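The listed protein sequences derive, respectively, from chains A and B. When we follow the numbering used here, the leftmost residue of the first sequence carries the number 1, and every step to the right adds one. When we follow the numbering used here, the leftmost residue of the second sequence carries the number 584, and every step to the right adds one.
Keep in mind that the hints were calculated from the coordinates and are not lab data. Hints may be right or wrong, so weigh each one.
[As the list claims (entries may be wrong)] Simulated crosslink set (BS3-like; lysine-lysine; CA at most 27 Å straight-line):
no. : chain 1 : residue 1 : chain 2 : residue 2
1   : A       : Lys123    : B       : Lys735
2   : A       : Lys128    : B       : Lys674
3   : A       : Lys55     : B       : Lys735
4   : A       : Lys256    : A       : Lys128
5   : B       : Lys830    : A       : Lys55
6   : B       : Lys830    : B       : Lys735
7   : B       : Lys674    : B       : Lys821
[Said to hold, decoys possible] Label-pair distances were calculated between CB atoms; the ranges are:
no. : chain 1 : residue 1 : chain 2 : residue 2 : range
8   : B       : Gln800    : A       : Asn44     : 38 to 44 Å
9   : A       : Leu70     : B       : Glu699    : 24 to 30 Å
10  : A       : Trp104    : B       : Asp854    : 54 to 60 Å
11  : B       : Gln800    : A       : Tyr141    : 27 to 33 Å
12  : B       : Asn947    : A       : Met145    : 52 to 58 Å
13  : B       : His789    : A       : Ile41     : 53 to 59 Å
14  : B       : Asn820    : A       : Lys100    : 43 to 49 Å
15  : A       : Phe147    : B       : Thr627    : 50 to 56 Å
16  : B       : Thr627    : A       : Lys100    : 26 to 32 Å
Computed from a predicted model, the values in this text were never measured in an experiment. All C-beta atoms in this analysis are idealised placements derived from N, C-alpha and C, irrespective of residue type, glycine included.
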Amino acid sequence: MASKQISLSKQIKKVIGNRILFCSIALMIIIFGLTIYDLSISINQLRSRINEQIKPIEDFAINQAIINNLDTVNLKIELFNESSPTFKIEWIREGIPQYKTITWLFPFSWIYDYRIGDIAGYKFGYFKVTGNFLSDDTLFYDLMMRFSLLMIFTTSIVSLLFPLAKKIPNQLFINPINRFIDLISNNAVQHNVVIESLPVELEVLEKNILDLLRKATEHERNKAAIELGHLSARLAHDIASPLAAMDMSLQLLSKKLSVDDLTILSNGIQSVRDIANNVLERYRNPAVESNSLDTTIITHDDGNLIRPSLLYSLAEIIVSLKRQEWRQQPCQLTLKVKQDAKIGWIMASPNEIKRLLSNLLNNAYDALIDKNNGIINITIENMNNTLRLQIHDNGIGIPPEKITDALKGVSFKHHGKGLGLSGAKLYMENLGGKLDMHSIINKSTTINLIFPSIESITWVPKNIDLSGANVVIVLDDDFSMLTYWQKRIIDAGLLPKLFSTYDEASQWVQNNIELAKTAIFLVDYELTEATHNGLMFLQEAYYSTKRYLITSHAEKYHFQQEAQNAGIWLIPKILIGEIYFSL
Amino acid sequence: MKKIILLLCSIILLNSYAVANNHKNVRLAVFDNPQPDPSCNANTQQFINSYLSGINTAIAVAASKGIYIIEKEFFHANNLASIIQQASDAKAWNPDVIMGLSTSNDFLMSKAFFGEQVILSISATDSSLSSLPMGFYSLGIPDTSAVNTIIKFINQHYKGANLFITAAAESKESVDFADLLAKKYQKEFKNKRVIQRKFLTDDMSHLNLSKFMSGYQKNDVIVVMSIGYDSAIELMNKITAHLSPIKPIFITSTDNWGNSNTPQNITETYDAFRIDTLSGGEDTEIYKTFLENYKKIYHQLPTDKISFVTYRTVMSFVEALIQYPPTKNTAVTKTSALNSYLTALKHDPNWYRPPYYNVYKLENKKEIYFEKII
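Okay, chain B solo, but in the shape it has when bound (with noise of 0.2 Å):
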């Protein structure tokens, strides 16, 4: 505790020193939820300490750049009026990059509250969000490239099988990357059955699964998108004491912020696959640097991915500004930083972007590592 706060001391510090010195100073809003599935109520705090080391070592190494990152935290409940509140603050604060808005739900929507300068969500990862003005941009690799990874995985692992895939309701990712599996599963397996199940996280508990699951049959895949890694276990579990004997096979792309530990116990007989969108990359000289730098200053190796995750978004746009500065070499401003980034942006669209994704398999209390699908 007492290094963290030298650390902390010494970035203060050293942001002094670059003030003082006229050096290139960023104002960094972070702006999110940190738990933005309402099952989940377990080990908030930790995933908070996880996302915001991720960014103090950012924040570090930046400094060690040249770049001083005033940082401050927007995190808001999962209601609307906290949303309001806290974005209307965040924006007064006047940050020169925003950053966060893990969920395609909360990047979406941030629209409504922020723009023209750099927004960045760390792993949102919906179709639509092509559609966001310029400056908006995620490091999550876009859905539809986690719908060809899941297809593949299928076709690799349960060939012909029939998709059973259910979403939440509520969250626009699960949606459309429901209905862009379905379109391309189909696509590809014309002679195969998709049925979509939509269900509200909120109603899972009086969902009426008899007719929920009507028309799955024996072997089929079943997609399960959910708006966190909690309600998906619930319902996985809440599917398979349904189908019982039959025993089911579940497919998921949602996370656990990187944690290894499956949030809840998984209490029936399924096989269980996990796409992991967070991680992926961690064979990359960026994931080097983090972790030798995570372990100067935490003497400790991260808890969750989710620290990776929020290091390579800070560093996304340090690396913007560091390789394409302001032409006059002035302060970061919200208009210069956001040239940067969109100059990084054109000439590496998935710019920061994980490579590839991981695959895990779900275990009682924990994830095993199963594959990589590049």
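Looking at chain A on its own, in the form it has when it is part of the complex (with noise of 0.2 Å):
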């Protein structure tokens, strides 16, 4: 049952109305009491002068009375009468007296019968006193004073209190709230609500409010674009598996098939590539602009970080963002990784590197004279327990003599320090690497950047080892990558348990305890699921030593704790391809 709904004015007229009512009435009474009490005094004292003053003209009719002489006393009552402006008197010789107080007699009037003692016996009747308030200076004074005084009290009141119930209300609550609930409501203030000073409280109130609506409003704008965001990281993200398949699929027919037909296959697999990799990067981090990439610094996630990274994804993400920035005059921008340096680790912070090769990049663009026939060959390779990145440009080049001074920060581009090269230099160094620079004028300049690599990479497996095993658990929502495991996993000669749901492939090996302690698991670490996800699935089969998570996150530090911490491979998604099955 719903309760009864009350506006805020309602209550505060009920709660504070009420009270203010009572108070007023009980105050008006208290007055009004001690005006029917100060009235009572003056009605006693206005006896009192009535006893005093017809006393003497008592004595007198009782004097004449006995001796008969009652013209006399009439004729005293009449000069009394003349003379008195405040009440007159009149002899009633026989009757009771009916009026023994002095009694008010609409509208201005008082009666009073004044008894006239008894003397040996005889009776003398009483006097019938009547008198008018307005007449009497004395009463009529306090009449109009306690009067006066009610009137001031209740004016007081009225004046005073009774705003405290509605004028003041509307004036320090209602009226602001209202505001503000329009403010929240129409995120307008109705132009008849007119608040003269609002309180400075309230300024802050109205402040924070209206600085939250800008808030929300803007949330509420990026709201879509974030769900688009989203769904685009979602595709993106998705469409990496389907490729990676595509990829492995590729060179299985490279033989098969021309080199046009290859060149056209890979180029096309490369650009949808380069998209899915825009996006996530654009999703991943935000600040990624265009062109902000060069000075700002990248803070998102645990990028920062100095920690075992793989050259090759980094190279792809930016040279992929190279390309989508460059789409207006686009050059030619191509990746080149030797196989063996696919797998290649560096010990560095990814978004350090990933600045490194946007500037670099950068500079090998703006040197290029015609965009359009310019070329930047990016090559990885392995070169004696190093791994060497080559940026090689057909830009307009730097002379021989000036390379000592662009590596030490001079930029030619503009006046200034050079500080992309110079901290890319630095930076190389700091890791253990080196940075050098050739360049031919007018034809060529390479800058080669040489990485240490490190062989200790507990997490990564060589190859994924089947001996021992019989069966193979793949858990992926992609089909595509289901069948290329399964096309595997056949060709291996072992039999493949495909699921594309957690729950499936949980409930499989709940049934199948035994064989599933002596299985292999290949996991993605994305599912469809929203709450579960591949990590999870491989900590609950902790029984197995051969647990491989396939991830694109796989350089991400956490992810590389905890495979650390839980025993289970990473299998970065884009080395797929490049990690075989050994028996």
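Each of the two chains sits in its own frame; use the hints to bring them together as a complex.
Right, dumping it as structure tokens:
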């Protein structure tokens, strides 16, 4: 049952108004009581005055009545009445007094029967005393005083207290609250709510509400874009697996296809991968804008930590970004990675590497005079336990004598210090590597980045060990990947158990626990179910020593830590084709 | 003063002796208002002294005749509470005879407090006194006689004058006297105009004289019946000032308890005569006895005629007891005193009253004997 709604103004009026009304009535009753009390005193004083003034007439009347000289009494009363402004008397010889106290007669008159005392058995009747409140100066003054006081108090109460129930709450609470409600409801203040001077606290409150409203509006505006971003990121991620499958299939088909067809397919796959990489990078790091990567410090996630990073992966991301960035005036930008260099890890901050590569590629692009015919080639290869990333362009080059200056930070693009090149050199040296540069004026420039390679990556397998296993359990929500793994597993002579959902896989494992103990687990990290992921599935299958988590997040620090702690192998999605089964 | 104390001591000794020898003792309560005129505050104590000196003289004379009087004063003020209180006290004292009650008002009112004994007024004259119960007797000549005297005086000196009678309304005596005079004068002089006006003594200062004196014509005789001598003269002064330059003629029957001085300065020019109802009888044997004994006691002549009036009042019941004693020669009681007095009145309805009036002409600060009217 819904409670009866009541507005704040009515509630204030009810709560405060009732109390004020009660106090007002009580106060007025007190004043009225005091007035009545004072009036009773005044009336008693009037009675005393009457008694005092009538007493001689009473004596006179008794005296004259005893000696039977009654006419004189009337004369005395007549003279008294002529001279008395306050009250008149009339001698009633016989009868019983009715008004033993001063009694009010509407509208302003009063009456009082003054009983004349009996003397020696004689009865003398009573005096009927009548008067008018208005003609009695003293009483009239008292009445006016009390009435004035009553009016003053009433006026004070009405003018001072009653606004507390309506006007003041309206000013202090209702109007500001209505204003805030309007602000919140309509994001605008109605014109009829006018608040002359808002208290400081309410001003702060209003400012905060406006700020919140502004943020909420912005949030609303961005919500669709964010949703779209999520969708795009999801899409980009989801197509990573099919792309990987297509890439691996293309390798298998490379001997059966013509070079042109292979190039077309390879370029097509690469374009799709570029788009996906671009979308994912923008989603993961919103600060990445076309030109901002050079100067913006990337703080997203754990990207600033120095940790094992896959150079191939980083280079591919930056290449994809640059292709997107330069799409208006594209050049020929290629990334070639030697087979053994694809699994080359370096110890560096991914963000710094990306920034470094971005700057160097920008320099190379700027050096291209004719963009359409410009070429920027990036190659990654293993060289004597080091990884070399070479950027070669056919731009205008740098005079040999100025290369040293360039490496010291002198910019040739604009006045000032060439922080990009010098910073890259310094960073490479800090990593234990080096940066060198060769240029032929008006022909080419080559920059070599030499990274010390690291061998002790314990959570990335060199290959997938199938020994001692009969069953390979594959969990991936992408059908193409399942197909890819199925083919590879069957080719390896093992039985694949393919699952596209967490629950199916989990259910099968529970039902076939003995088989599962010797099984190999190949599990994609990101699954369709929002509540579960591949890592969780593998953590449940702790009894197996051959658990492989396939993910595009393998370079993330916390993934690496989790995998290491749980004894789970990480297989970067980009390296699926590069890691083979071993028996 | 020493002589007075000596006299009082001798009286007390005589009383003690009389009580011891079972002589006729009389308890006498003096109940009176020594200042009946509210407008007069002067010489009150002198009048009280004169009042009491007459009584003391009578007590001495009575003692010489075997009547021993124990006297106590119950003087009251001019208000009802005082009257009631003193009357109650007097009654509680249980007197055989009550005297005083100089005004007709007091005397008439005393019927509410006293009765069934001798109650003597020294000077009340109102015509309605005849309606009082048995035992009430005033030694003043009744106003019926005073009216005749005034008419006689006017006829002798202002023959054919119209009458303009003013009376203090609160004084029953004055009102009745005015009515009586008006009726009598109108009856005797049918073609003369008689106008009556009443006033309240308390209100005299606010008196509207134009209204009050409307109808007055030059040479009209103005009769002033007031509650006292002072208020009479005050009214005469006011009227004269109002009528100026007419020189009015006034006749009043009020008294100053027999003092020959006028109580107030006469500030205007007018002819005024006072018919004295207290005096009269200075050529009688009783007056001679009074004067002789008075001089014996006080070694001087009485200052005020009131002394003789009180003397005469006391002697009226002393002589009644002597001439008409109680049958069994027992001690004097209320009843036996009353019986003796009633017997005396039966023989002489004007028992001990003055035989005539004296007329005085008022001068500034004094009055001069004018004539005697029988």
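Hint by hint, here is what the structure shows:
{"no.": "1", "hint": "Lys123/A x Lys735/B", "in the structure": "violated (42 Å)"}
{"no.": "2", "hint": "Lys128/A x Lys674/B", "in the structure": "violated (34 Å)"}
{"no.": "3", "hint": "Lys55/A x Lys735/B", "in the structure": "violated (43 Å)"}
{"no.": "4", "hint": "Lys256/A x Lys128/A", "in the structure": "violated (143 Å)"}
{"no.": "5", "hint": "Lys830/B x Lys55/A", "in the structure": "violated (40 Å)"}
{"no.": "6", "hint": "Lys830/B x Lys735/B", "in the structure": "holds (22 Å)"}
{"no.": "7", "hint": "Lys674/B x Lys821/B", "in the structure": "violated (42 Å)"}
{"no.": "8", "hint": "Gln800/B x Asn44/A: 38 to 44 Å", "in the structure": "violated (54 Å)"}
{"no.": "9", "hint": "Leu70/A x Glu699/B: 24 to 30 Å", "in the structure": "holds (27 Å)"}
{"no.": "10", "hint": "Trp104/A x Asp854/B: 54 to 60 Å", "in the structure": "holds (58 Å)"}
{"no.": "11", "hint": "Gln800/B x Tyr141/A: 27 to 33 Å", "in the structure": "violated (50 Å)"}
{"no.": "12", "hint": "Asn947/B x Met145/A: 52 to 58 Å", "in the structure": "holds (56 Å)"}
{"no.": "13", "hint": "His789/B x Ile41/A: 53 to 59 Å", "in the structure": "violated (32 Å)"}
{"no.": "14", "hint": "Asn820/B x Lys100/A: 43 to 49 Å", "in the structure": "holds (46 Å)"}
{"no.": "15", "hint": "Phe147/A x Thr627/B: 50 to 56 Å", "in the structure": "holds (52 Å)"}
{"no.": "16", "hint": "Thr627/B x Lys100/A: 26 to 32 Å", "in the structure": "violated (40 Å)"}
The structure is inconsistent with the numbered hints 1, 2, 3, 4, 5, 7, 8, 11, 13, 16, although it conforms to all the rest.
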